[in-house]
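J.: Construct the entire structure; sequences and hints are all you get.
These protein sequence lines are chains A and B, in that order.
Position 62 of the first sequence, counting from 1, maps to 837 under my numbering, and the rest follow consecutively.
Position 67 of the second sequence, counting from 1, maps to 81 under my numbering, and the rest follow consecutively.
Cross-link-like lysine-lysine pairs, in silico, BS3-like; alpha carbons within 25 Å at most:
#	chain 1	residue 1	chain 2	residue 2
1	B	55	A	776
2	A	873	A	843
3	B	50	B	85
4	A	873	B	85
5	A	873	B	58
6	B	33	B	66
7	B	54	A	776
8	B	50	A	776
9	B	36	A	817
10	B	36	B	23
11	B	33	A	817
12	A	776	B	58
13	A	817	B	50
Heads up, incomplete: computed chain B residues facing chain A, CB under 8 Å, no partners named:
#	residue
14	45
15	55
16	57
17	59
18	117
19	120
20	122
21	123
Chain B regions said to be covered by chain A (calculated; three or more residues, Cβ under 8 Å):
#	segment
22	60-74
23	97-108
It should be emphasised that the hints constitute simulated quantities derived from the structure, not laboratory data.
Positions of the beta carbon are idealized from the N, C-alpha and C atoms, including for glycine.
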Amino acid sequence: KQEVTQIPAALSVPEGENLVLNCSFTDSAIYNLQWFRQDPGKGLTSLLLIQSSQREQTSGRLNASLDKSSGRSTLYIAASQPGDSATYLCAVSSSASKIIFGSGTRLSIRP
Amino acid sequence: DTAVSQTPKYLVTQMGNDKSIKCEQNLGHDTMYWYKQDSKKFLKIMFSYNNKELIINETVPNRFSPKSPDKAHLNLHINSLELGDSAVYFCASSSLGQGARTEAFFGQGTRLTVV
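T.: Encoded structure:
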């Protein structure tokens with residue numbers, strides 16, 4: 776049974792810092808891994824998608840990596856800004872037509 | 015043009031009532047999902063449909079009945095609503111092709127409050 780864990784549960788850093796969010800999963804038989812952002816009271820915004828055959832994806836200040844064999848992914852945010860404050864969710868798509876989510880990392884960027 | 019749209023956005027109803035939430039996607043995806051986000055903000059899969067056929071039912075009470083009239087729609091009907099059904103419900107879609115699953119897109123959610 777696929778389980779997805781995100782560490783840390785919450786993170787507060789001053790503006791301008793680079794930071795890393797971690798995601799681990801127990802079953803390496805995945806199609807892809809996706810990082811989402813969720814603002815309070817809002818829906819999910821897709822940030823990056825990494826297919827199982829890929830190692831990393833980049834979009835602007837965001838870089839996501841995937842190590843399928845070890846069941847790990849990281850989301851790197853460069854030069855953080857207050858507008859980056861949100862909950863970041865990691866989700867893996869498995870062969871059973873499921874997308875399994877981690878419990879999220881609540882990120883706060885202090886001005 | 016919204017990729018995955020849900021209606022209504024907010025739903026307040028009394029215990030024991032029956033209600034429906036509608037979901038439509040215009041992405042041409044073959045798989046649609048319903049998720050429940052509880053008060054602790056954890057997203058849990060409820061149902062998964064592929065080409066209108068039920069694939070996943072994650073031990074959801076049978077008061078919840080999804081219906082997929084076509085590939086672009088997956089509606090959720092809930093009978094005899096209970097206080098514990100209060101949550102945010104998200105619809106999503108993705109597609110499987112050439113051995114890879116596409117990016118999943120989510121609707122904006124329906125906040126259901128049972129009083």
